[in-house]
Amino acid sequence: MSATSPDPAALEIHDLTVSYHRKPVLWGVDLAVPRGRLIGIVGPNGAGKSTLIKACMGLLPLNSGWVKVFDRPLPEVVTRVGYVPQRESVDWDFPVNVMDVVLMGRYGRLGLLRRPGAKDREAARACLDKVGMLPFANRQIANLSGGQQQRVFLARALAQEADLYFMDEPFAGVDAATESAIIAVLRELRDMGKTLLVVHHDLPTARSYFDMLLLLNMNVVAFGPTAEVFTSELLQKTYGGRLTILSEVAQAVGAQE
Amino acid sequence: MTKIAAITFLFLAGAAGLHAARVSDVSSTDWTGQAARFLSLRDPAVRYAAGGAVLMGVCCGVLGGFVVVRKMALMGDTLSHAVLPGVALGFLWNLSKDPVAVFIGATAAGLLGTSLVRAITHTTRLKEDAALGLVLASFFALGACLVTMIQRLPTGNKSGVDKFLFGQAAAITAGDIGLMLAVTALVLGLVFLFYKELLVVSFDGGFARASGLPVVWLDRGLMLLLAFSVVIALQAVGAVLVSAMLITPAAAAYLLTDRLHRLLALAAAFGVAAGVVGAFFSFLGHNLPTGPLMVIGASTVFTGAFLLGPRHGVIARWWRRRDRAARTRRENTLKSLYRVCEEREFAGEGVSLTELARLRRETIEDAQRLGDELARHGLATRTDGMIYFTPSGRQRAAEIVRNHRLWELYLTNSANIAADHVHEDAEKIEHVLGEEVVRELERRLNYAERDPHGRHIPSVADIHRSAGLSGEARPR
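If you read the sequences in order, they're chains A and B.
Position 125 of the first sequence, counted from 1, bears residue number 128 in this note's numbering, the numbering being contiguous throughout.
Position 169 of the second sequence, counted from 1, bears residue number 618 in this note's numbering, the numbering being contiguous throughout.
Derived from the structure by calculation, the hints contain no laboratory data.
Please note that a few of the clues may not be correct.
[Claimed, not checked] Listed next, the in silico BS3-like pairs over lysine-lysine satisfying Cα-Cα at most 30 Å (straight line): (1) Lys57(A) to Lys576(B); (2) Lys576(B) to Lys26(A); (3) Lys57(A) to Lys26(A); (4) Lys26(A) to Lys71(A).
All values derive from a computational prediction rather than experimental measurement.
Construct the entire structure; sequences and hints are all you get.
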């Protein structure tokens, strides 16, 4: 668990424990994430997937352990970290339009007091174009479909121009067209050398979408290249005795062979 | 319920006290004279009252905008009631209405109240709403006791402390105005400087923190500004109703706009309007308590926005629904005309009212009414007993028929719905299908020519040709 390679790990977690109301959700998590990979975080409900990425970004208090991003404590490199929160975490009736939301991605870089200028607007427009939402730039966010809202969140993260991205279920409740548009953008980011950690719910697609998988259930069950980790044995270990999931796993593994 | 009873009691008590004050300064002028006196702003007391109302309106409106979009309305209510014991203690400090002492006492009490709410939710199983109710009631009760005590003190100038319950703009002094100016300048300056930070924190706090913004300090700063503006508004509106000046103008603005900066500006404007109107009527009524009058003013603005708002207003929505229903009715008539023409393979011109009535199983009078409606909208022309398509009417009729049959075919082919189940659905969908969706449906259905019932589906070419042809054949 050390980063002795010349390239330090994009993300290193040591002995991370996080709890809600004194119940541990994550317990003794160790992890070293190499750069330039598209990584899926999978595990059953309540396995601590969202908690892990929130803890990495300093949104939750840690009981123990530390997190380093590009070999530095997070506050020093906060502008190199991008975030796509869960879509349900905000009020979509909020009085802002699509452009306002995407511009928020520039705020971290701008720092306090400085206002977004013409260059930031240009960057935001380019990000909207990349997710196919430029025609909706002046639309009030309540008038978007779920898939479009998710694309706006992705565009905002793109506007952060980060090197390490945390995404909380970006595929939840989106249409097929949005799903393929999102995965195309994620792969493009990966090819640019960015590191992406994506909380994902759907096992069958997890196998085809991600380079590496992190199987999580309170602690790390397995972390490695998808081909090595996506085995019925490890998935069973992750999902425990949940029968419906087990049959899904069997199907997914069967489809692989 | 008990709270309402207590408020009613206090209001009556306050009104009785004010009645005495009114008798003492009976003025010889009638109400037109009073109105002229207010509007001319000659009187310094009037100037202070009006100026105070304006400053209060701006402050409460702008910060109220944040209160409403952040769903902190109950927090605002608690904060505004929790300041009362601080007002009384500030008053007791040197037994006079010293604006600075009252300001400090009230702000401290307000912040103590909100911190208590946070402490209760963090250390017990109680949720925020219970904690808010608890703090609101206990602080206000304490404040009410202290205020009554002060009024019974034998010494000191105690005039004015009762005005903090329901507000009295006429009691605003030059010192109050100075303080209000300072707070308003602070609020507007900070909101302007930190607008982008406050926007992102209000919309998505998690994202703001992940971006490295000092979210905790921004939240605390906003709460402090909120406490400041509640306290400066006390003199004009009173502790009982000041939360309404935070919520009501901003809620009205929220119904009218979709951008935060416009919402804040509108809320400030509504706050000022409500404040000045309240001060005016208070003056007209010889110093009636201003708070209730201002809140009635704000509620009137809200009612206006609720009913008349161009997009979300009740009347606009009702109008749009009516409009849609009328369009659907016209399109259904066009469709019936098309069906009549289709039955006789488009031979001859025009459709008689009898034929239309027969197809629709309606009376001649109904058919006549529908035909006249089409004529009014330029979709058909009418002669005695006959209806003729205009080019645009003919085109729209073909489009609607195409939409209906395409949709039926799509449901039976792609969704495996039985052919006798699809009609009802198509009846609704045909009016809302956009041109793009129609093209997509045509592509997916391989430009099919027959619907599930074997009837011809008009193609794009048909539609344009039919428009042209009927134009030539149209009777002059």
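Taking the numbered hints from earlier one at a time, note which ones the structure violates and give those numbers from smallest to largest.
none
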